[in-house]
Amino acid sequence: MAQGQMAPGIVSGRLSSDELTSNFTDLHPPLAPHEAAVAADRCYFCYDAPCVTACPTDIDIPLFIRQIQAGQPRAAGQTIFEQNILGGMCARVCPTETLCEEACVREAAEGKPVEIGRLQRFATDDVMTSGEHPFERAGLTGKTVAVVGAGPAGLACAHRLAMLGHDVVIHETKPKPGGLNEYGIAAYKSTNNFAQAEVDWLLKIGGISIETGSVLGETVSLDGLLEAYDAVFLSIGLAGVNALRAQGAETDGVRHAVDFISDVRQADDLSHLPVGRNVVVIGGGMTAVDAAVKSKLLGAEHVTIAYRRDREAMGASRYEQDLAASHGVRIMCNVQPVAVLGKGAAAEIELEYTASHDGQLSGAGDTVRVPADQVLKAIGQTLEGAPEGLELDGNKIAVSAAGRTSLNGVWAGGDCAAGGDDLTVTAVAEGRDAAMDIHATLSV
Amino acid sequence: MADLTTNFLGISSPNPYWLASAPPTDKEYNVRRAFEAGWGGVVWKTLGAEGPPVVNVNGPRYGAIYGADRRLLGLNNIELITDRPLEVNLEEMARVKADYPDRALIASIMVPCEEAAWKAILPRVAETDADGIELNFGCPHGMSERGMGAAVGQVPEYIEMVTRWCKQYYDRPVIVKLTPNITDVRKPAAAAKNGGADAVSLINTINSITSVDLDTFSPEPSIDGKGSHGGYCGPAVKPIALSMVSEIARAEATHGLPISGIGGVTTWRDAAEFISLGCGNVQVCTAAMTYGFKIIDELTAGLSEWMDEKGYTSIDQVIGRAVPNVTDWQYLNLNYIAKAKIDQDQCIKCGRCYAACEDTSHQAISMSSDRVFEVIDEECVACNLCVDVCPVDSCISMVPMTAGEIDPRTGKAVDPEYANWTTHPNNPMAKAAE
Chain S
1 MAQGQMAPGI VSGRLSSDEL TSNFTDLHPP LAPHEAAVAA DRCYFCYDAP CVTACPTDID
61 IPLFIRQIQA GQPRAAGQTI FEQNILGGMC ARVCPTETLC EEACVREAAE GKPVEIGRLQ
121 RFATDDVMTS GEHPFERAGL TGKTVAVVGA GPAGLACAHR LAMLGHDVVI HETKPKPGGL
181 NEYGIAAYKS TNNFAQAEVD WLLKIGGISI ETGSVLGETV SLDGLLEAYD AVFLSIGLAG
241 VNALRAQGAE TDGVRHAVDF ISDVRQADDL SHLPVGRNVV VIGGGMTAVD AAVKSKLLGA
301 EHVTIAYRRD REAMGASRYE QDLAASHGVR IMCNVQPVAV LGKGAAAEIE LEYTASHDGQ
361 LSGAGDTVRV PADQVLKAIG QTLEGAPEGL ELDGNKIAVS AAGRTSLNGV WAGGDCAAGG
421 DDLTVTAVAE GRDAAMDIHA TLSV
Chain D
1 MADLTTNFLG ISSPNPYWLA SAPPTDKEYN VRRAFEAGWG GVVWKTLGAE GPPVVNVNGP
61 RYGAIYGADR RLLGLNNIEL ITDRPLEVNL EEMARVKADY PDRALIASIM VPCEEAAWKA
121 ILPRVAETDA DGIELNFGCP HGMSERGMGA AVGQVPEYIE MVTRWCKQYY DRPVIVKLTP
181 NITDVRKPAA AAKNGGADAV SLINTINSIT SVDLDTFSPE PSIDGKGSHG GYCGPAVKPI
241 ALSMVSEIAR AEATHGLPIS GIGGVTTWRD AAEFISLGCG NVQVCTAAMT YGFKIIDELT
301 AGLSEWMDEK GYTSIDQVIG RAVPNVTDWQ YLNLNYIAKA KIDQDQCIKC GRCYAACEDT
361 SHQAISMSSD RVFEVIDEEC VACNLCVDVC PVDSCISMVP MTAGEIDPRT GKAVDPEYAN
421 WTTHPNNPMA KAAE
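Sequence order for the protein chains is S and D.
Heads up, the first sequence is in the numbering used here, so the first residue is 1 and it goes up one at a time.
Heads up, the second sequence is in the numbering used here, so the first residue is 1 and it goes up one at a time.
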């Protein structure tokens with residue numbers, strides 16, 4: 001019997017298994033073939049299409065949509081994968097509303113872009129469910145590259161290198177490959193264990209081995225890798241999380257949103273996953289929205305996103321904000337946490353209204369208290385565990401356009417590298433491009 | 001509300017929409033439903049000679065061409081004339097006509113090209129009190145292999161001969177239905193007129209194979225792995241039909257011959273276009289087969305609405321209004337000069353105009369790095385391709401230049417006088433202007 005939404009504290013089983021199953025189905029169900037034909041027909045096949053320019057991986061979108069129109073979704077999938085081997089995941093998680101679909105001329109014309117993301121999923125699903133891997137390796141070069149981190153950047157880099165004939169060993173800390181695709185992305189965007197299926201499918205290219213439990217700085221060192229391999233690609237992500245500067249920040253019930261999301265993603269049975277009755281998520285990015293929506297879907301009664309700046313400044317797109325709102329999440333802007341209150345465990349959070357003067361944010365004095373038995377911190381991740389000797393750019397590893405770091409033989413990409421938007425799709429682009437540069441370097 | 005009452009060859013119907021001779025008019029049941037729905041008339045599914053009726057294939061009779069959302073754009077059929085006994089059809093026709101005296105009921109007939117065959121069937125048809133007959137010289141499939149249908153319609157002498165028999169043995173209006181599967185539709189139309197036809201109707205369907213199954217390599221529709229050409233109809237054929245109608249309407253030999261327009265009439269607008277090109281009424285089939293008889297409500301209301309807007313009070317005022325504007329290419333005004341103009345406020349920056357012009361036409365549209373598309377007047381020949389490929393209605397327009405302006409393409413002033421190819425200096429056959 002489900003506990004119900006009003007059960008106090010952080011408890012599991014707020015909703016029945018059926019309700020949970022229905023809540024965590026696909027956010028955007030796949031297009032049926034006829035739906036895809038109709039959706040594809042809306043594409044104008046623009047000249048020098050703005051959607052392609054907007055895509056970090058430069059997928060030839062009008063071409064793949066025309067291939068769907070012409071009844072060949074598999075060829076469409078091939079077009080996508082040539083540019084973006086994680087096109088299946090990107091079809092699910094890309095914020096298309098700020099990328100290709102925002103650039104779509106039909107967005108300008110009628111506020112209703114071609115459904116590029118869903119069409120991409122239609123095409124990539126067609127290839128992936130066939131079970132066949134669409135690429136073959138070039139003749140073996142005898143070179144081996146170490147990739148550190150099996151997230152989107154690392155996987156994209158490894159695949160491209162393998163395709164070009166190099167062998168690749170991926171060193172991954174976690175027990176499963178996939179990185180944030182596996183541990184970090186909203187469950188309602190990547191259902192049916194898609195992340196693992198995608199990795200399995202990607203590895204069919206051959207020539208890639210994955211060593212899990214391999215931790216840079218602990219079990220392996222950069223020097224050791226440089227010695228053992230012909231090149232190293234670092235895609236270690238952002239392992240650190242920013243601390244919450246508020247009184248009572250260590251109170252029970254306060255935790256990092258990324259850990260909460262990871263628990264949801266890894267849960268075998270969502271009815272065993274605890275969630276608060278009153279959840280407050282601190283932050284304004286996509287992680288905040290994901291954590292808030294997931295809390296709601298797990299059965300939290302009240303979920304609030306508290307963000308210190310105004311709505312325009314939120315990292316989450318308007319689409320994501322609306323998604324949260326449509327799930328009943330309340331978004332409070334211009335408030336910052338000052339204290340988590342409660343005896344032994346969090347019960348309330350005190351938020352102070354903020355004001356911005358010349359870009360400087362400061363507390364305005366007025367405060368408000370919101371019931372909060374669970375506080376999820378989504379206030380940003382930071383680079384952690386980067387090897388010594390690498391030049392940094394701000395808080396990230398400095399890289400050239402091709403992903404070269406300040407050290408010879410070391411490339412970097414994905415969230416750990418400077419530039420990019422911390423998106424799956426930019427990580428894929430960076431991994432792929434670094435692979436091309438590594439290949440060029442090794443081929444000399 | 002404009003009065004849609006139509007008087008075609010003295011046959012009155014409450015509106016100009018008749019159902020064409022085809023599956024929708026094969027039986028009393030269907031025709032009664034059509035009349036209840038409000039159709040002005042029907043041309044009954046083609047009758048054959050007395051005796052065992054024809055048989056149809058027992059597999060697919062139709063093939064289709066679709067738009068993306070399975071909007072039916074073109075239909076192909078390999079169905080023959082009625083496969084029900086003649087007497088059954090005649091009895092039903094008589095009953096229906098008696099019950100709906102205000103509607104037009106026309107008998108379509110196809111019997112062998114022998115005088116005796118026509119002489120035999122015509123009195124039987126007359127007994128039904130049908131308002132007239134339509135001679136099916138059009139069906140391009142099946143029956144044509146047996147020397148009927150399009151096989152007659154492709155030989156003007158036969159058309160004239162059979163029409164003459166019909167006028168001799170039948171005293172009500174005779175309409176000759178023409179096939180488009182010929183090179184010059186004016187010849188069969190003139191033959192019909194010479195034979196005494198009261199009107200022609202056109203077009204019948206066009207020889208077609210809708211598609212080929214790329215697994216079995218059978219044409220569609222496929223009957224046990226084989227296909228035969230069918231007759232193509234529906235929205236896709238309308239432009240062909242309009243042209244053929246206009247040729248008959250303006251040819252000296254056939255000008256004034258009443259025409260019943262057929263071919264892809266789908267909305268009121270199509271009907272208005274056929275009528276403006278000289279048709280006294282229109283016949284509809286594919287649209288009814290696609291959407292059912294209820295479309296008559298839109299067809300009648302739409303035509304009436306448009307006529308009210310334009311101040312026309314009867315169909316007669318519309319008939320043939322566009323005919324004087326149909327001319328030969330050689331008489332088109334070569335001093336009429338237009339330039340494409342792109343409305344930047346409406347432009348959605350898809351660049352289709354640019355691709356079309358740059359790749360396939362006159363390199364007369366420029367593209368800036370921020371996707372502003374502009375017409376280069378020095379190159380623009382006003383071909384209209386940019387207008388045709390632009391997804392935004394009225395974003396690009398063809399703006400005529402005014403007399404005296406300098407055309408940047410030629411450097412010459414726009415001549416206010418009309419001048420055509422017949423007097424153009426480049427024409428070796430040019431006549432000196434008088």
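It is worth saying that the hints were derived from the structure and are not from the lab.
Among these hints, one or two may not hold up.
[Claimed, not checked] Where chain D lies over chain S, by a calculated footprint (3+ residues, C-beta under 8 angstroms): (1) 158 to 168; (2) 268 to 274; (3) 335 to 344.
[Stated by the list, open to error] Partial list, computed: chain D residues near chain S (C-beta under 10 angstroms): (4) Glu-127; (5) Cys-353; (6) Ala-356.
The beta-carbon is built from N, C-alpha and C at its ideal position, and this holds for glycine as well.
Hint check:
Requiring three or more residues with a Cβ within less than 8 angstroms of a Cβ of chain D, the coverage given for the segment 158 to 168 of chain S is violated, as only 0 such residues are present. Under the rule that three or more residues need a Cβ within less than 8 angstroms of chain D, the assignment of the segment 268 to 274 of chain S is violated, with 0 such residues. Counting residues of the segment 335 to 344 of chain S whose CB lies closer than 8 angstroms to any CB of chain D gives 0, which falls below the minimum of 3, so the coverage claim is violated. Taking 10 angstroms as the C-beta contact cut-off toward chain S, the hint placing Glu-127(D) at the interface is violated, the least distance being around 51 angstroms.
Because the closest C-beta pair between Cys-353(D) and chain S is about 9 angstroms apart, less than 10 angstroms, the hint holds. Using the Cβ-Cβ criterion of 10 angstroms, the hint placing Ala-356(D) at the interface with chain S is satisfied: the shortest such distance is roughly 9 angstroms.
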